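**Student:** Take a look at the letters that make up each chain.
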Amino acid sequence: MTAVRALAVWCPDWPVIAAGGSAELPGAVMHANRVVACSAAARLDGVRRGQRRRDAQSKCPELTVYSHDPGRDARLFESVAAAVEAIVPGIEIIRPGLLVVAARGAARYYQGELPLLATIARAVSDATRYDVQLGIADGIFAATQAAYAASIVPAGAAAAFLAPLPIRVLDRPELADLLIRLGIHTLGDFAGLPRSDVLARFGPDGAYVHDLARGIEIRPPSARVAPPDLDVEMTLDPPIDRVDTATFVAKTLAQQLHERLAVRGLACIRISIEARTENGEQLARSWRHGSVSPAVSTAGFTANAIADRTRWQLDGWLSGTIRSDDGQPSSGLVFLRLVPDDVIHDDGRQLSLWGAQAGASGPGGDLEQIDRALARVQGMLGPDAVVTAVVGAGRDVAEQIRLVSWGESREVLPADAWPWPGRLPAPSPATVLKSAQPATVTDIGGHPVVVNGRCVVSAAPGWLRIGQQPPVAIAGWAGPWPLDVRWWDRLTARRRARFQIATVDGAGLLLVCENGRWSVEALYD
Amino acid sequence: MFDTQGMLRSAASALEAFSPGVSPGALSPDLLEQLRGAGSKELLPVPQALAELFPEGGVRRGSTITVSGSSSLVLALLAEVSQHQGWCAEVGSPLLGSAAAAEAGVELERFVRVAEPGEQWPSVVASLLEAFDIVVIHPSPRAREADMRRLSARARERSAVLLVTGNWEAAHHTSAWPGAQMGLTVIDQRWHGLGAGHGYLQAHELEVQSLGRGAAVRPRRTTVWLPQASGQLPQAL
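So the sequence lines, in the order shown, correspond to chains A and B. Counting from 4, one number per residue, gives the positions in the first sequence under the working numbering. Counting from 11, one number per residue, gives the positions in the second sequence under the working numbering.
It should be emphasised that the hints constitute simulated quantities derived from the structure, not laboratory data. Where hints are given, some of them may not hold.
Some residues of chain B that are not near chain A, with every Cβ distance over 10 Å (derived) [unchecked claim]:
| no. | residue |
| --- | --- |
| 1 | P65 |
| 2 | A156 |
| 3 | P229 |
With a straight-line cut-off of 25 Å between C-alpha atoms, the simulated DMTMM-like cross-links for lysine to aspartate or glutamate are [said to hold, decoys possible]:
| no. | chain 1 | residue 1 | chain 2 | residue 2 |
| --- | --- | --- | --- | --- |
| 4 | A | K437 | A | E402 |
| 5 | A | K437 | B | E113 |
| 6 | A | K437 | B | E119 |
| 7 | A | K437 | A | D419 |
| 8 | A | K437 | A | D318 |
| 9 | A | K437 | A | D387 |
| 10 | A | K437 | B | E117 |
| 11 | A | K437 | A | E524 |
| 12 | A | K437 | B | E66 |
| 13 | A | K437 | A | D508 |
| 14 | A | K62 | A | E88 |
| 15 | A | K62 | A | E27 |
| 16 | A | K62 | A | E81 |
| 17 | A | K437 | A | D487 |
| 18 | A | K437 | B | E126 |
Because the structure is a prediction, the values reported are computed rather than measured. For each residue, glycine too, the CB sits at the ideal point set by N, CA and C.
If we strip away everything but chain A, and leave its shape as in the complex, we get (with noise of 0.2 Å):
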């Protein structure tokens, strides 16, 4: 079968446009101390992607450093994908930053494929500021390689084009490194093996990378249909338009989708999202598997990987293109599909002997077995209802936490790394209250306590007395550590003292002084 002519396009170091760098600068995008992608600037200096920080910085001391957000990367990438969308109708987002769509009748309808490319290219950079690669080949991995060389591969040609590339481009790390140790090193040494020789040695997916290498595709960009009854789909009621609601609701859906296939033996590597806005117009985008030659044997999304693109999707379009002709985002999505475009059969996948991951012989739990338990107690009580924390910006014991619905990026804001002068020292309560308790401080004597406009006790604290409890005896006592937050704002300006006390039977509690009351915040049990 001859693979279907494709063309590709594509945003050089995409991650890094999207943060906000350019080409000319040398920046980076680091995840978990390690570069994800990389500026051409930057790579002139020496630095590559999978190089740590700290060796990036010695190559390229001005290397600007970017986070690593998919969400983000996805978000900007749907203006790319609309501009393109304009020209030529059936688009698959491979991953953000690349995008293939049949090429056959577009170049037709344009009168050629140079033409075509030119005006893509023109769309693309009329409609957004970013810079596109664009290339034209048989079969997707071809038109991918075509992209990056930003050629077009004449018909036929693709075996001839690829032969020189190196293996590595097929994306098989484990594989390449052994073909390497072979003494083959480019896709037409490994096209010239026998394919009955590399079907037995490397099983299936060897033999589909096989065929890559030679240029035949056999999956073309959109293969087979699926039977109807594996879409899933929602009435949103109310409409959503915000990010987090779409989360969840992508989540959801996802899993469905993936239980409904799960049950044929099925897995998909294209999904279409499919979205309708509560003024009628109809949205829909394709994804392909985010590899431009997924694996043979594990070659279908996962629930999370469905859930992901659905997010990045629903985000791309909540935060801009759904736009009336006056420029407002016209409204929120009321309808929502996913729709398995191509499926394959699953081949199942094997664990590896010593469990998923490595520290799994402590009492590490399974992710996938959290990730459903979870989603269930969501199912039961919403999605903000689970949370995890974040330590982060504020002064006050409460305010310094930030709760981060499960599945939601618990990414840190630039303020959480500000010192916070007046913070008290750690160790900090183990127990934060719901809501203060009002408590009575008098002295020895038995008068109140006060603290005055200059932050003086009136009298050293004796006695403790929270709410209708009997009083307690204070054993110690440290303060006041004065709070005067927001003093420029009438509304949300506060001014408090705050107490650590020791009580005679070992308590030791945070208690606050603020407008001459008294409450009890936190416990330090």
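Starting from the structure of chain A, add chain B where the hints point.
**Tutor:** Same frame as chain A, but now just chain B:
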């Protein structure tokens, strides 16, 4: 091969789950204990300073323990699990202090909280026990005994640890949560570092007693210093 351990375990939990009110007096306590322990031999690690309180030197997976009188003690137990890549969950309010949790060594990324489970709390806890290594719950005083038993049975079935907090009387804390194998109680505590108008709270000295069933029937006591991660006396006091 037969999954004998699994069968024993499900037999034990079936006994508890389906006859909640009835004590399975027909079986000798030894046998019952054996049934309970089967298959959950694995221990969750505990901080060195607290190891003395546990007859086996760790928390047995599948067990239910109660902790009363100290949240930092709970955090110390969670921290050790978290440091070994474990997942912790918490249900109910007030939530444990997050800043204190981070200081104690709990990985906040793997510490999931549900503050307001409402009436559905037994189902929420049951779902979490499916996947998490340790689930902390702050039950309301109105919790029904049948729910308590069922949750303990679920913990045993899933080899998870259910950690129940509450200010119960030391004398009958094991009866307050009927499925509990063991209870930790703070019997004395003292804060150090605070003077009359100066200093700040630095170190917490706790005397903790453990008491339970089976091997834990003899009370054990130890003194720990929290929130120092090592449980030892801080360097400068």
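**Student:** For every hint, state whether the structure bears it out.
**Tutor:** Against the structure, the hints:
Its beta-carbon lying about 20 Å from the closest one in chain A, P65 (chain B) satisfies the requirement of being farther than 10 Å from that chain. For A156 (chain B), the non-interface assignment is confirmed: its Cβ lies about 20 Å from the closest Cβ of chain A, beyond the 10 Å cut-off. P229 (chain B), annotated as away from the interface, keeps every beta carbon of chain A farther than 10 Å; the closest lies near 20 Å. This hinted pair checks out: K437 (chain A) and E402 (chain A) have alpha carbons roughly 12 Å apart, not beyond 25 Å.
Distance restraint check for K437 (chain A) and E113 (chain B): the Cα-Cα separation of roughly 20 Å lies within the 25 Å cut-off, and the hinted pair is therefore satisfied. Restraint check for K437 (chain A) and E119 (chain B): satisfied, since their Cα atoms lie roughly 22 Å apart, inside the 25 Å limit. The hinted pair formed by K437 (chain A) and D419 (chain A) meets the criterion: a straight-line CA distance of about 23 Å does not exceed 25 Å. Distance restraint check for K437 (chain A) and D318 (chain A): the Cα-Cα separation of roughly 33 Å exceeds the 25 Å cut-off, and the hinted pair is therefore not satisfied.
Only pairs whose Cα atoms come within 25 Å are accepted, and K437 (chain A) paired with D387 (chain A) is accepted, the gap being roughly 17 Å. Between K437 (chain A) and E117 (chain B), the direct Cα distance comes to roughly 22 Å. Compliance with the 25 Å bound is thereby established for this hinted pair. Only pairs whose Cα atoms come within 25 Å are accepted, and K437 (chain A) paired with E524 (chain A) is accepted, the gap being roughly 8 Å. For the hint linking K437 (chain A) to E66 (chain B), the alpha-carbon distance of about 37 Å lies beyond 25 Å, and the restraint is violated.
With a CA separation close to 23 Å, the supplied pair K437 (chain A) and D508 (chain A) stays within the 25 Å bound. For the given pair, K62 (chain A) sits about 40 Å from E88 (chain A) by alpha-carbon distance, which is inconsistent with the 25 Å threshold. Taking the CA atoms of K62 (chain A) and E27 (chain A), the gap is near 16 Å; set against the 25 Å cutoff, the hint holds. At most 25 Å may separate the alpha-carbon atoms for a hinted pair to count; K62 (chain A) and E81 (chain A) exceed this at roughly 33 Å.
Straight-line distance between C-alpha atoms of K437 (chain A) and D487 (chain A) comes to about 22 Å, which keeps the hinted pair within the 25 Å bound. Restraint check for K437 (chain A) and E126 (chain B): satisfied, since their Cα atoms lie roughly 12 Å apart, inside the 25 Å limit.
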